[in-house]
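Let's have the full structure, built from the sequences with the hints guiding it.
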Amino acid sequence: MALDEVKIGGLGASRRRVEDNRFIRGKGNYVDDIVLPGMLHMEILRSPLAHARIASIDVSGAWAVPGVRLVLTGEMMAARNLAWMPTLSYDTQAVLATDKVRFQGQEVACVIADDPYIAKDGCEAIVVEYEPLPPIVNPQQAMAVDAPLIRDDKVNQADNKIFDWEVGDKDGTDRAFAQADVVSEIEMHYPRSHPSPIEACGSIADFDRSTSKLTVYMTTQAPHIIRAAVSLVAEIPEHMIRIISPDLGGGFGNKVPVYPGYVMSILASILTERPVKWIEDKSGNLISTGFGRDVYLKGQVAMRNDGKILGVRMHTDSDHGAFFSDAQPSKFKIGLMHSAFACYDVPTAHLTATGVYTNKAPGGVAYRCSFRVTEAMFFQERMICAAADDLGMDQAEFRRVNLVRDDDFPKRTPFGFLTDSGQYEKCLDIGLEAIGYADFKQEQEEARKRGRLLGIGISTMTEPLGAGNSREYDILGIKMFDSAELRIHMTGKAILRTGAKTQGQGHETTWAQIVAHELGIPADDIVVEEGDTDTAPFGMGTYASRSTPVAGAAVAMVSRKIRAKARKIAAHLLEASEEDVEWELGRFYVRGAQDRGVSIQECAMAAYSNVPDGMEPGLENNAYYDPPNLTWPFACYIAKVEVDPETGVWDVLHMVAVDDCGVRINPMIVEGQIMGGLTEAYAMANMQFITFDEDGNCIGSNYMDYLLPTAWETPGFELHEVVTPCPHHPIGAKGIGECATVGGPAAFVNAVMDALKHTGVRNIDMPLLPDRVHDALTTGNDVSGMPPVKTEA
Amino acid sequence: MTLFEEVPVTTTREIPVRRVQMRVNGETRAANIEPRLLLAHLLRNGLQLTGTHTGCDTTNCGACTVLFDGQPVKSCTMFAVQADGHEITTVEGLATASELHPIQEGFKDEHGLQCGFCTPGMMLSAKALLEENPNPTEDEVRWALSGNLCRCTGYQNIVKAVLWAAEKMRGYTPASDDAADGGGEA
Ligand code: FES
Ligand code: FES
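Protein sequences appear in the order of chains L and S.
Letter 63 of the first sequence, counting from 1, is numbered 62 in numbering that gives the first Met the number 0, and no numbers are missing.
Letter 1 of the second sequence, counting from 1, is numbered 0 in numbering that gives the first Met the number 0, and no numbers are missing.
Each hint should be verified, as a subset may be incorrect.
Said to hold, decoys possible - Some chain L residues judged to face chain S by a derived CB distance under 10 angstroms, without partners named:
#: 1; residue: Phe-22
#: 2; residue: Ile-33
#: 3; residue: Gln-502
#: 4; residue: Gly-675
#: 5; residue: Thr-678
#: 6; residue: Trp-711
#: 7; residue: Glu-712
Claimed, not checked - Far from chain L, some chain S residues (derived; all Cβ distances over 12 angstroms):
#: 8; residue: Pro-15
#: 9; residue: Arg-22
#: 10; residue: Gly-25
#: 11; residue: Glu-26
#: 12; residue: Ala-29
#: 13; residue: Asn-31
#: 14; residue: Asp-68
#: 15; residue: Val-80
#: 16; residue: Asn-132
#: 17; residue: Pro-133
#: 18; residue: Asn-134
#: 19; residue: Lys-167
#: 20; residue: Thr-172
Claimed, not checked - Here are the simulated lysine-lysine pairs, DSS-like style, with alpha carbons at most 30 angstroms apart:
#: 21; chain 1: L; residue 1: Lys-6; chain 2: S; residue 2: Lys-159
#: 22; chain 1: L; residue 1: Lys-307; chain 2: L; residue 2: Lys-410
#: 23; chain 1: L; residue 1: Lys-26; chain 2: S; residue 2: Lys-167
#: 24; chain 1: S; residue 1: Lys-167; chain 2: L; residue 2: Lys-6
#: 25; chain 1: L; residue 1: Lys-756; chain 2: L; residue 2: Lys-297
#: 26; chain 1: L; residue 1: Lys-169; chain 2: L; residue 2: Lys-330
#: 27; chain 1: L; residue 1: Lys-153; chain 2: L; residue 2: Lys-99
#: 28; chain 1: L; residue 1: Lys-478; chain 2: L; residue 2: Lys-564
#: 29; chain 1: S; residue 1: Lys-159; chain 2: L; residue 2: Lys-26
#: 30; chain 1: L; residue 1: Lys-119; chain 2: L; residue 2: Lys-99
#: 31; chain 1: L; residue 1: Lys-119; chain 2: L; residue 2: Lys-26
#: 32; chain 1: L; residue 1: Lys-478; chain 2: L; residue 2: Lys-560
Hints in this document: simulated from the structure, not taken from any laboratory.
Just so it is clear, CB atoms sit at the ideal spot from N, CA and C, and this is done for glycine as well.
Following this line, the structure appears as structure tokens:
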């Protein structure tokens, strides 16, 4: 008898999480929990200014503090060729500043001491003299003809521009616009936002002189990329480097890049020959590590009077901070911005993009995002919203006219991606029904008569998850594969390892479910391990919702390799020919004689005790997976809000999410991902705010200024599901982790705009803080979020 | 059991060291410490109770929440010397050797955690709430947890977890949907 898949914790089981057993007991093992014998502690001294020449650094005070073991400055790093390091986007980034500081919070020196308090004392005793330079806080200022040059360290860098890039069909798009009945235009800013996992970054470097081996415990989402990067930067052979990423207190893209703190802790360990721990504080994390977004858009939609979109134009100006260190596939300068409009039948489109340096922290990481798709989908849905309004067409109807139909797949998107599956209109219908769209217009009308402002905002989108196929996706030339290794022990228990790295997504639970589905081994009999480069097979890491599409597929494929070998063993045990052996969950049997069978566990035992002649013993294997395409989940998010006309405060009355992420491995975990994503979407729309004053001071450098929503203000969410299996993924799954963060913000913003429609306001830049909404309500003008620029007094 | 121990003083400077004694998870612990040492750091580094996390420098995140004479406090914002003579409960004190606390069970059953970093603090805030109010409404739970940030879950399942625990602590069997348990024993 085949096993009951849900009972063994297979596909579709809301299996309770294995990792919770340690977390609920306070027995997680995060970087800061690890203590090595003789360990020293490192603290970083950061620049208080955004742009300044360093006149002098006097570290004698730090050396005088008892318990200080080492003080590092840029000059000392430079002597070892470590003052600069390469970024993931073919630029360089200062590890410790030598010539000048280029953003507030930049690393200027570090102190290594017996304990972290003493290391802090040491930092306070360092005296740095700065000569201030004019700071640049936005792209317009950066591109002004007389703008001061930020990257004077680079040869051939005459201005502050990083790139000009374009994609799409310019002439075709021009022709489409020439034929349009209506052209809708809108400009906006997607503000800088910080992923801000509750656990900040940190590392413990442990260089062992006797073996020449460097072990680094590190908060990283991509340990294997880090191993390669450390090998290149520090010139240590790759096999002598072991990166261990222990439990991570969240990541959200923040823990992908290589940060100066990691590099300094490594050098400090080499110099002191003792383990060196660096634990970043929250303000260090917020002002210096990978932010997300910070992109300005000029968008245009060409339409016929009947609502059909004919073409789209987009221009983006992106602010990358002082170093171009975006973590993104090398072919695409502005990430996957050109995934915009993938769910709509748009015949032609053209995108131009300009990237610039400013005196702000570098990063441009994919914050719960696949390389700028968050901006792409936000811009798309804000443009769609404005276009429908300009036409005077209902928001839902306008989408219905333009959404790609179920029988149109595979469908080329306007910028050349290939979408392959979905039921877009069905998702929209479910969402509209759930929010009560049919009756809303009347409700809104009546409320308005009583002075209450209600609005509904829709956001529909499909996004490319699971980078990616090797034809198109690489980071620094390394193709974006993932792999899995599976060992079945003789008693039928197993250990699975992958090159992904869980940060709360629950891989220890769900990977075992995929194996259970493929092999019928109960999930509880399978241990999952990740994060240690000495034991885990190669992988590009976990970000951009790529784990299930890529590593998860490798898990299915390695299980199938095991099953293929087990089938041969079963044929041997059953004394049947392999062609006559059939599989059902958990066992093989002889065709036509279902009771003559052997379980997968019996095959495992035989692999170590009774293999057929000529067969290699054992039952283990590995698999690399190169996805043929991206996966394309679809989502429809609809928010209903009420805006208080007196204060500009807005509340979410109802939030509906309809997600189609294909086959769900563990529905409980999928829903957890969606709710977490919606909360970050709400946060970005409502309160999360990192901006800069005219001097380049970071406003939002701590949790008193950078507001994360609490349980009190976070709305409740109503979730619905549609399942359109991915046609090319081995188990039909699509990515999901980031969908709600990507598609969610536009639903909230569109809802507030709907509530304000009578005022003629077309745009308020995120976050929609009460004062911004209030301004818009009282003046009837759009509200821009561009940072203020210093003008000479 | 009374455990008396010396926590090594790491500094080599002439800083007056203070002797403190407190009950932590029911055991008496004593230590010689620098007056500036934060309670969170005494618990984590001195007493090796690393379930208490630190997630910010501004008393906002609540990852460091412990119970101080039964009241939730942020241990990153108290000096360890202020705990002298007091009673502290950390996440390590929630379960007994054989049994999880219902709040721990609830968090697992209702998927009230993802990365787990906020979880110890959340659970302790929840414990303080349920001891004062055994039958809270959803709003009361949300308000009681509003000093604890979670970046992963969106709170909805945390609220469900606390309500699940409340029901169990009142003597009912909370509803739980189908599905295999992960990792055998909870
Ligand atoms: S560590 Fe954030 S409140 Fe204590
Ligand atoms: S579970 Fe990650 S912060 Fe709450």
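Against chain L, does Ala-29(S) hold up as non-interface, every C-beta pair farther apart than 12 angstroms? Check passes; 20 angstroms lies beyond 12 angstroms.
Taking 12 angstroms as the cut and beta carbons as the points, is Asn-134(S) off the interface with chain L? holds, 18 angstroms
Could you let me know if the closest chain L CB is still more than 12 angstroms away from the CB of Thr-172(S)? holds, 16 angstroms
Residue hint Trp-711(L), partner chain S, criterion CB-CB below 10 angstroms: With a closest approach of 4 angstroms, the Trp-711(L) hint holds.
With a cut-off of 30 angstroms on the C-alpha distance, tell me whether Lys-153(L) and Lys-99(L) pass. holds, 13 angstroms
Once the shortest beta carbon distance from Phe-22(L) to chain S is found, is it less than 10 angstroms? holds, 3 angstroms
Hint validation: Ile-33(L) versus chain S, beta carbon distance must be below 10 angstroms. Holds or violated? holds, 9 angstroms
Can we trust that Val-80(S) is non-interface, i.e. its beta-carbon lies farther than 12 angstroms from all of chain L? holds, 14 angstroms
Check on Asn-132(S) being off the interface with chain L, judged by Cβ distance over 12 angstroms: holds, 15 angstroms
Is Lys-119(L) within 30 angstroms of Lys-26(L), Cα to Cα? holds, 28 angstroms
Close enough to count: is the Cβ of Gly-675(L) nearer than 10 angstroms to one in chain S? holds, 5 angstroms
Does the alpha-carbon distance linking Lys-169(L) and Lys-330(L) stay inside the 30 angstroms limit? Holds: Lys-169(L) and Lys-330(L) sit about 19 angstroms apart, inside 30 angstroms.
Of the numbered hints listed earlier, not one is contradicted by the structure.
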